[in-house]
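Take these sequences, add in the hints, and give me the full structure.
Residue numbers (numbering that gives the first Met the number 0), protein chains in the order written: chain A, 0 to 503; chain B, 0 to 174.
No wet-lab data here; the hints were simulated from the structure.
All values reported here derive from a predicted model rather than from experimental measurement.
Take the hints with a grain of salt, since some may be wrong.
Said to hold, decoys possible - Capping the alpha-carbon separation at 27 angstroms, the derived lysine-lysine pairs in BS3-like fashion look like this:
#, chain 1, residue 1, chain 2, residue 2
1, A, 323, A, 259
2, A, 328, B, 69
3, B, 69, B, 6
4, B, 6, A, 14
Claimed, not checked - Residues of chain B placed beyond 12 angstroms of chain A at every Cβ, according to the derived structure:
#, residue
5, 60
6, 62
7, 67
8, 75
9, 82
10, 83
11, 87
12, 89
13, 103
14, 108
15, 145
16, 149
Even for Gly, the Cβ is constructed at its ideal location relative to N, Cα and C.
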Amino acid sequence: MSAQKFRTCPATGLKIYSSAETLIQINAVTAIVFLLVGGLTAIGLLLTRWQAVHLLDDVLFYRALTLHGIAMLVAWIVFFEMAILYFASAVLLNCRLATPFIGWLQYILMLVGAGLTAVMIILGQADVMFTSYVPLQAAHWYYLGIILFAVGAILGCCVFFGTIGLAKHEKTYEGSMPLVTYGAMCAAIIAILTLATGALTFIPTWLWAAGLIPMMDAELYRLMFWGFGHSTQQINVCAMVACWYLLGTLTVGAVPVNEKVSRAAFALYVLFILIASEHHVLVDPGLSAAHKTWNTGYFMHLAVLASMIHAYSCPAATEVALRKKGYTKGLFEWLKKAPWGDPGFSSLWISMFGFGWIGGITGVIYGTEQLNIIVHNTLRIPGHFHATVVVGTTLAFMGITWYVLPLIFRREVIFPGLARIQPYLFGVSMCVFSVAMIMAGVSGVSRRSWDMNGMDGPFQVDFGPMTDLFLAIMGVAGILAILGGALYVLLAVGTLLIGKKIEG
Amino acid sequence: MSIQAIKPGWWQKPLDGQEKIWLSIAFVWCLAITIIMPWWHVVGDHNMSGEYHKITGGDFSMLTDQFIEKYQVGMDEGIPVVVPPANSDIFLRGAQWEWDPVLKLKAGSTYRLHLSSIDVNHGVSIQPVNMNFQAVPGYDSILTITPTTKGEYRIICNEFCGAGHHAMIGKLIVE
Ligand code: HEM
Ligand SMILES: [Cu+2]
Ligand SMILES: [Cu+2]
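Given below as structure tokens:
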């Protein structure tokens, strides 16, 4: 058994092994690079969908949209999740990383995969959106890139489980694993299951694009794609909720109100979410109504129950912690005296608000069979998921960063005053952006469309002045959100480069 | 602390009162929304029939051509206009990047609308009533529709279908 180097964290007393530390650092930095790529494409998308500005031409718009989806939803989020997995296993369990070599393989495969995919998109060989519904076809390298990326991510999950096993074996912790590790474990279980489905979808598609086998049935592809594509969103939800608990503890020392309840809720995600995916194909042919309602009704709502439980436990834990600090006057003194100037804390609360009140509510509504008819493929859909995956997951990850920088990178965050306003700038404007997008979608404007007015078509369309107003609000809020995102990238990268080193 | 390992026995800690109340509310609410969906399916007016069968693009195209030949009354922007009789089977064909034919329907009459694509996925977004369906190659998706409001509607493709996606706009007339 090879001895690994470690240091002892002065703040927590945990042993931090350099193998884990390096992998956490490199995955997080790569994630931020992809966030930057996604943010640059967002500028073009935003200023094109804002019909009054209409910046990009059509080909460029669709290309940027494909790249935006891949860079953000796939690369930024999953690279960051790999960092979280290593953190939640090796660091929190006080253990060395199992097989750091495979950890490196994870990183290299994911980097090569994401790079290959992104390059194919930029070269114009893959104007198919990240969903790549067959028979739309991209160059076969595009699918290979996705497959490599997924294999890398599976390896990352394996290292995570290996490390948990190692920690158990070497008894580096006592009792049951911490809640954050438990949440990350649920995310990793879902990840392995869904990435395997992803492989089942993308390997035949890759072979088809290479001309080796006939095409998969178009509806089967849609069903399989979302069987994995929707469930991967549950990885994001799980990882985000784990970050919520983590942020609660780091910012105010919150203790989960009842471990049993929180852990049971995480387990509900694992048990039931794999099943809700059919809400993506509610208005498709190929499945009976009974099948669709069963899949998206009963089972999905048990996963919704899990979110409802966390929606209670997370804020409750911070309330209890703040009351313990003596803020007990009236009902809301704890809320007023909360550390709103701590970017970790404000990120936590804005993330919970956006995910639950905007993303969660619209999600449950849009996933019903009948209402889906009025929302399918309209701007309501990206409005919904910018609330979940951007305000929710992305902001939670950003909030974690302010703690990862000093604890793992050992640098003091530069310009703490700017870091303080970053969650508000990004989070609040992203909430407004999402709601404005949803409102534009209410009048029926479709998503993924370069021009909603049909200028080049045989018939023109007029959505009226209200829609233009909402698109303008979306545009302005989107610009503020992009500034907030840029501020995050600048502060994070700036801290890495010139932040004051913390010794110890 | 959620970042520290916890002692065994955590699963024996009872729920406190507020927690129980919240859990019950959440559970009942989830049950309610679970029941609403099938219930709407039974009592609601707007549902997909769920009727479909598999069909090749060639066969669907042939059926659409026959349908057009039978009921065509004119042309609009180069797209045939058809006036089918009430209670009949009507066809809407999606192809990169055109919807055809232009359907002229009678308010209050019922039709069986056959929907498919002969190349890639397309989206059928009927505006301004805002009803959206998916046209999938290889599948004939059948919707039973009864138009109620007279007027001119647009059929906007809302599934990305290639470079000309945004130009794929059709027309539907209800008289
Ligand atoms: C910085 C602020 C951001 C802005 C202003 C922005 C803006 C947009 C816009 C305008 C669209 C096009 C909607 C359409 O026409 O269908 C879009 C699509 C999308 N965005 Fe963002 N976005 C941002 C951040 C993010 C982040 C952080 C993520 C993921 C973590 C994300 C994920 C997506 C996805 C998955 C799509 C759909 C792509 C597709 O339809 O194929 N966005 N975004
Ligand atoms: Cu189309
Ligand atoms: Cu289209």
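Each hint, compared with the structure:
no. : hint               : verdict
1   : 323(A) with 259(A) : holds, 22 angstroms
2   : 328(A) with 69(B)  : violated, 79 angstroms
3   : 69(B) with 6(B)    : violated, 78 angstroms
4   : 6(B) with 14(A)    : holds, 20 angstroms
5   : 60                 : holds, 15 angstroms
6   : 62                 : holds, 15 angstroms
7   : 67                 : holds, 16 angstroms
8   : 75                 : violated, 8 angstroms
9   : 82                 : holds, 18 angstroms
10  : 83                 : holds, 20 angstroms
11  : 87                 : holds, 20 angstroms
12  : 89                 : holds, 16 angstroms
13  : 103                : holds, 14 angstroms
14  : 108                : holds, 21 angstroms
15  : 145                : holds, 15 angstroms
16  : 149                : holds, 18 angstroms
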